[in-house]
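Chains as they are written, first to last, in my numbering: chain U, 1 to 303; chain C, 1 to 319; chain H, 1 to 340.
It is worth saying that the hints were derived from the structure and are not from the lab.
Quick list of the computed label-pair ranges, beta carbon to beta carbon:
id, chain 1, residue 1, chain 2, residue 2, range
1, C, Phe134, U, Arg126, 44 to 50 Å
2, U, Ala117, H, Leu83, 58 to 64 Å
3, U, Gly109, C, Phe134, 30 to 36 Å
4, C, Pro133, U, Val56, 35 to 41 Å
Which chain H residues stay away from chain C? Per the calculated CB distances, all over 10 Å, these:
id, residue
5, Arg78
6, Gly82
7, Ser129
8, Gln225
Covered stretches of chain H, as calculated for chain C (at least 3 residues, CB under 8 Å):
id, region
9, 84-94
10, 109-115
By construction, the Cβ of each residue, glycine as well, lies at the ideal position given by its N, Cα and C atoms.
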Amino acid sequence: MDLAPAGTPAGGEIGRGWTVSRAAGAVRWLRRQRLAFLIAAGILLLHVGVALTGPVWAPYPPDELLVGDPFKSPSREHLFGTDNFGRDVFSRVVYGERTVLSLSLTAAGLAVVAGSALGLLMAYVRGWLDEVVMRGVDVVLTIPPLILSLLILGGVGASYPVIIATVAFFFAARVATVIRAAALDVVSEDFVTAARLRGESAASIARRELLPNVTSSMLVEFSLRTGYSVLFIAGLSFLGFGSAPPTPDWGLMINEGRSYISSSPWLVLGPSLALASLVVALSLFTDGISDALGLSPFRRAKA
Amino acid sequence: MRYISRLVLPRLGLSLGTLLAVSLMIFWAVELLPGDTATRVLGREATPERVQDLREQLNLDRSAPERYGIWLAGFVQGDWGESLVSKRPVTDVVLPRLENTLLLAGLTLVIYVPLSLILGIGLALLRESRIAPFLSAVVVAGTALPEFVVGLLLLLVFAVWLPWFPPLALVDDAETLPQLLQTLTLPAVTLAVAITAYAVLMMQASLVSVLESDYVRMATLKGLSRRRVVLRHALPNALGPALRVTVLNIAFIIGGIVTVEVVFNFPGLGRLFIDSIRILDTPVIEAIALILAGIYVLLNLGADVATGALNPRLRAAAR
Amino acid sequence: MTVAAAPLVEVAGLTVDFYDRDHWVNVVNDVSFTLFAGETLGLVGESGCGKTTTAYSLFGYARPGSRVRDGAVRFEGRNLIGLSARELRAIRGGAVCLVPQNPAGSLTPSMRVGRQIVEAMEEHGVSGSHRDAEQRTVELFAQVGLPRPQTMVERYPHELSGGQQQRVITAMALACDPKLLVLDEPTTALDVTTQARILRLLARLQAERGMSMLYVTHNLGVVAQICDRVAVMYAGELVEVAPTEELFRRPRHPYTQGLLASVPRLSGQNGGGARLRGLLHREELPPGCRFAPRCGFAEEACFTERQVLAATGTGGEVACRRWEDIGEPRGTPAETGSRR
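With these hints in hand, go ahead and build the complete structure from the sequences.
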């Protein structure tokens, strides 16, 4: 008794696959995007640029002692002043960018790859194996990550591979639940059933329907986990379980500088500014892309 | 009440199971600590006989599963072993610190719960106004700053530039309540800031979603006053999901507490944990890890139970 | 229905826009119609044609993000647009009541159903004491056919079946004895039997109370049953308004003809005549007649000249410059050629 449905989008397939019109829509959307998102993206590019090119133009080497008198306040020569060893803080912050980004991106990437693989696998197998494994994942999620990380790093030693592995381990658990949920979401849709009835193979369904949806979630998770990684790893370094001195690591620098906070606050403020700008930019960026990809921008609880 | 048996007991069982699994992970992680424990502890005085004696004393010659069993059994009964460094019973070392940490957590909650509710509700109700993007930006900044940065900034402003609070949280020396509060305030505010931001965002999102629902529109079109619509129709349905996140955020304090205690030199469980790891005092490490994990699991359980209690749907399912 | 009586509702030139991401989209364009006491007006059209927005304007309500660019909505002579919040609140839920589309979603999950009705009555001062209101709720529940009304009032929405929820919603709308009932596709979610039951109930109550109804739907079968007059909307504009029988017997506007032709008939006389082709593309509406791109009778002038409602002489109005040329829908205009 219903009239011709006016809801079918022009030029698109029924279903949520990526069609040309959808991609074009995304580009149009990007152009109309909120100022905040664009600024965030800009700041991120800045950080990446610093990480890639820093050593070329940084005014001083990061560990050269006494390039100026110790505890000089910020000046034209030393934008963030000098620390207790007379090292230039600005240069150290610039070099620290590489450490922070490489560690965080690697950890987040590993977490997303491993977590997605696990999540997809579980969504595919279902049944008792899925139950058991997801229970295990729940247990991992119930452990306070910092506590266990400190135990492991304290025991095995805080080398970069171990840090990355530990962080990735915890984040992979969360990613697995998210990706599994996204995959199950798609699989239960009627159009997948319809596709099956049309005689399409599992592989083709996977490629045309499953993958695009899951990819969006994966991208958002990657961005989100990178932000959390930056915070977490900085925290580890601050507590002394991250990079070892004299590495120019922001968390470590903040810890080293805090004894002098009353007399020379820039030792703490310099790296703090860098850290805060990176994380805020990542946060806004994540919101932006999850909005663009049609996913809920609500933030999940940490862990 | 049948609700308790249908909803709470299974979850309780699950939590205990999880705790057991967590204790296993803690034990396993501690086992990774390098070197022979006995030799390490005795240090210079490590003669072969004394090492052997200590190994026997610490059950190090038994297999790992046995040791785990012994440890767990002892722990449950209240015997937490002896600190390898100070030789005092672990309970004596840990409990006073636990007390301090609980005080800190308590004050944090007193700040965090009302603050996040007010901000979350405020942001949701004012979402059309011009001040909203600015407030949102502030909240987003709150999620982005790590606790130690916030703590150090607060320290800088309120303990160094404006000497309103002491930079070192000498809790044990505080004699009167005002003194106590003075030492606790900065660390508590730091912790609260760290977790409030998330809760605010969730509360706001939850309330906005409810405010745009069909039933709120229906209530409005019934001619009810805005106050009534918000208080009786919107909030009760928005608090449920927000509550869950609120409680989970409290669990997040567990991680933040360690960092904040280090920043303010607070004599609590977190700082003891870090110190113990550095000197590899295994029994203390294990005890603290298990306590913290236990609290975390309990809070997760609390979140589930509270959400269930608020939601008439789930309550009915348990009938 | 005396023609001399003033209309209960008078919508004049209503134009509503909606803000979509970064630009305004027109949702309702220059819509005018009247509704008299005791009559039932059907408002039909496909999804997205603006009928819901028009219906909600009778509450002085516009979805967040929309603006009323022009026009007036008069209820008992007063323009709802521009009334203060307090004045609107007196009318909403009191003189004008809504029977919404989604009964399950329109009941507050955390509140017992009886309470939700009592609070409406107390807000509008309809029943005396709290006790009276509760008593009246139980009576209402019985009237709408809910079993065991005494226990039903204590239930939560999720404990009720779809049909029961619909009846609760209907009871809620009738609680304050409204002059106008706005029904927004109220039977979409229901099975046919329940649907019939609700319709019978509404017809009975209308006869009893002299209530007016605005029935928004895309279900022509229901329209034929209960509406006195029908207004057809397309892409935000009214294209035809006529007494029900007249509309079904001699639809004037090509769109109306297409609508009626789309309805499968048991008698086997299906198809024939103008079929609805294509889809509504909001971005590509011509400045003239908005239906022109899909119209089998469209000429060049149709695309550029704005169409306004004009009387047909048989009691209805139609917005089509070629309405006199267009014959009976059974004929096959040469331009159509859209038979399958």
